Amino acid sequence: MRLTAFTKPAICLALAALTLSQAHAHRAWILPSSTVLSGDAPYVTFDAAISNTLFHPDHVAMGIDGVEILSPLGNPVKPEHAAKGKYRSTFDIQLAEQGTYKIAYAAGGLRAFWEDDDGNRKMWPGRGQTAKDSEFDTAVPKDAKNLRVSRSYRRIETFVTLGAPTDKVFTPTNQGLELIPQTHPNDLYATETARFRLLFNGEPANGAEVEVIPGGMRYRDSQQAIKVKASEQGYISITWPVAGQYFLEAGYQDDKAKAPATQRRGSYSATFEVLPL
Amino acid sequence: MQLNHFICTCSIALLLLSPATRADNLKLEIEIPRLEVAEYHKPYVAVWLEDESRKARQIALWYDLNMRDNEGQQWLKDLRQWWRRGGRQLQLPYDGVTSATRGPGQHSITIPLNHGELVDLSSGAYRLRIEASREVGGRELIELPLNLPLSENRFPLSARGESELGRIVLTLNATH
Chain A
1 MRLTAFTKPA
11 ICLALAALTL
21 SQAHAHRAWI
31 LPSSTVLSGD
41 APYVTFDAAI
51 SNTLFHPDHV
61 AMGIDGVEIL
71 SPLGNPVKPE
81 HAAKGKYRST
91 FDIQLAEQGT
101 YKIAYAAGGL
111 RAFWEDDDGN
121 RKMWPGRGQT
131 AKDSEFDTAV
141 PKDAKNLRVS
151 RSYRRIETFV
161 TLGAPTDKVF
171 TPTNQGLELI
181 PQTHPNDLYA
191 TETARFRLLF
201 NGEPANGAEV
211 EVIPGGMRYR
221 DSQQAIKVKA
231 SEQGYISITW
241 PVAGQYFLEA
251 GYQDDKAKAP
261 ATQRRGSYSA
271 TFEVLPL
Chain B
1 MQLNHFICTC
11 SIALLLLSPA
21 TRADNLKLEI
31 EIPRLEVAEY
41 HKPYVAVWLE
51 DESRKARQIA
61 LWYDLNMRDN
71 EGQQWLKDLR
81 QWWRRGGRQL
91 QLPYDGVTSA
101 TRGPGQHSIT
111 IPLNHGELVD
121 LSSGAYRLRI
131 EASREVGGRE
141 LIELPLNLPL
151 SENRFPLSAR
161 GESELGRIVL
171 TLNATH
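Protein chains in written order, with the working numbering: chain A, 1 to 277; chain B, 1 to 176.
Where hints are given, some of them may not hold.
[Said to hold, decoys possible] Now the in silico label distances, taken between C-beta atoms and shown as ranges:
no.	chain 1	residue 1	chain 2	residue 2	range
1	B	E36	A	T191	30 to 38 angstroms
2	B	V136	A	H56	25 to 33 angstroms
3	B	V136	A	K229	51 to 59 angstroms
4	B	R127	A	Y87	43 to 51 angstroms
5	B	N153	A	A225	32 to 40 angstroms
6	A	E192	B	Q89	35 to 43 angstroms
7	B	E52	A	Y87	27 to 35 angstroms
8	A	Y87	B	R102	40 to 48 angstroms
9	B	V136	A	E209	49 to 57 angstroms
10	A	H56	B	P33	35 to 43 angstroms
11	A	E68	B	P33	44 to 52 angstroms
12	B	G96	A	Q175	45 to 53 angstroms
13	A	Y87	B	D51	25 to 33 angstroms
14	A	D255	B	S53	28 to 36 angstroms
[To be verified] Some residues of chain B that are not near chain A, with every Cβ distance over 10 angstroms (derived):
no.	residue
15	K42
16	A56
17	A60
18	W83
19	R102
20	E117
21	S123
22	P145
23	L150
24	L157
Hints were generated in silico from the structure; no laboratory data involved. Only a predicted model underlies this, so the values are computations on that prediction, with no experimental measurement involved. Each residue gets a CB set at the ideal place from its N, CA and C atoms; glycine is no exception.
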């Protein structure tokens, strides 16, 4: 999707906040106005922001240049009325097909951290920058102290459904950390248990760490995070305590990377809506 | 053909009703309460029968079916449990099930036992569920547990709503 209204610095700022190293410092989320819809071709409007206080946009708008929307039949959907404010981006989509839509941002590439001769910490790509893997050789000194090279992936998603839920958009891309629903993400109800499977590059994300946090954080004193760990086969179960909007964040890493990386890392986050029974 | 149909009907009647039962339909009375509110819209109401595996048989749906461009369908999802228990799979309007919304007062639905949605049910535990949702109002879900085959001495069944629904009564009826 192309949003010419977005200035370059703004995109860089957003991408900086999207980088993996800051995954725990900033939460990036895409929040739909509704997730369960009926009728003829209704609209859903979305907020996209980076903020730790879920889901209150109070830090920086999320760049939505890389956001891709997939229809139930697998067609790309064009966002409408896209705009970027100080703290949030917004866009609308019209649900012309019956079934489940996926709204996703995905990125990945090589990343490196090291220390220079004076002991200063360095990273590539630099803060607020993106780079191609082909630039690695010239940008990163191979003999640097404490050099760590990882292949990192990031994915941010949400789902909305018109009519009966469908499964086509859940076909994994086998790139990075992905969530494959066993319980449909637009069929979640308070007190019920949802089951999902996490895959990393198409393989079970054994031991991936998952945190689920309810929205409305401004109105309570604690995070109220639900923490679970993926099973050997990548499965997780979450019992939703109450109805509301939730943020799920998962992280996986191992040392099975291909050179020059020594580590593979993947992060996944998604926004879900849980309805009252 | 005729004979087959005859045999079929007989065996189903046997399943739905215990041998001593003569009734051939259920009568469901639904009260929609009169509410003192500034802005009143008639509620959307759905009635369905659900088995223990949550498979639903649709019985009634009252919604705004005469709005331009099917606009009335956009609120069907607010009948939240009905929506997930088959509502979202239905092609509307659905013959014999859908009708217009109804205002405050007593309403009654006749549920035939020997034809329509309920004929081929196996014996076991079921719940008759009644859900109401009102624009600028609330939502309420009531259920009446019942067992098949039906046994006459367990009727009438009744329940009372607290907000969107009033008294609900289910009786066994013989039409002849």
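The hints, checked one at a time:
no.: 1; hint: E36(B) / T191(A): 30 to 38 angstroms; result: holds (33 angstroms)
no.: 2; hint: V136(B) / H56(A): 25 to 33 angstroms; result: holds (26 angstroms)
no.: 3; hint: V136(B) / K229(A): 51 to 59 angstroms; result: violated (44 angstroms)
no.: 4; hint: R127(B) / Y87(A): 43 to 51 angstroms; result: holds (46 angstroms)
no.: 5; hint: N153(B) / A225(A): 32 to 40 angstroms; result: violated (53 angstroms)
no.: 6; hint: E192(A) / Q89(B): 35 to 43 angstroms; result: violated (19 angstroms)
no.: 7; hint: E52(B) / Y87(A): 27 to 35 angstroms; result: violated (49 angstroms)
no.: 8; hint: Y87(A) / R102(B): 40 to 48 angstroms; result: holds (46 angstroms)
no.: 9; hint: V136(B) / E209(A): 49 to 57 angstroms; result: violated (43 angstroms)
no.: 10; hint: H56(A) / P33(B): 35 to 43 angstroms; result: holds (38 angstroms)
no.: 11; hint: E68(A) / P33(B): 44 to 52 angstroms; result: holds (48 angstroms)
no.: 12; hint: G96(B) / Q175(A): 45 to 53 angstroms; result: holds (49 angstroms)
no.: 13; hint: Y87(A) / D51(B): 25 to 33 angstroms; result: violated (49 angstroms)
no.: 14; hint: D255(A) / S53(B): 28 to 36 angstroms; result: violated (45 angstroms)
no.: 15; hint: K42; result: holds (18 angstroms)
no.: 16; hint: A56; result: holds (13 angstroms)
no.: 17; hint: A60; result: holds (17 angstroms)
no.: 18; hint: W83; result: violated (7 angstroms)
no.: 19; hint: R102; result: holds (20 angstroms)
no.: 20; hint: E117; result: holds (19 angstroms)
no.: 21; hint: S123; result: holds (27 angstroms)
no.: 22; hint: P145; result: holds (17 angstroms)
no.: 23; hint: L150; result: holds (27 angstroms)
no.: 24; hint: L157; result: holds (22 angstroms)
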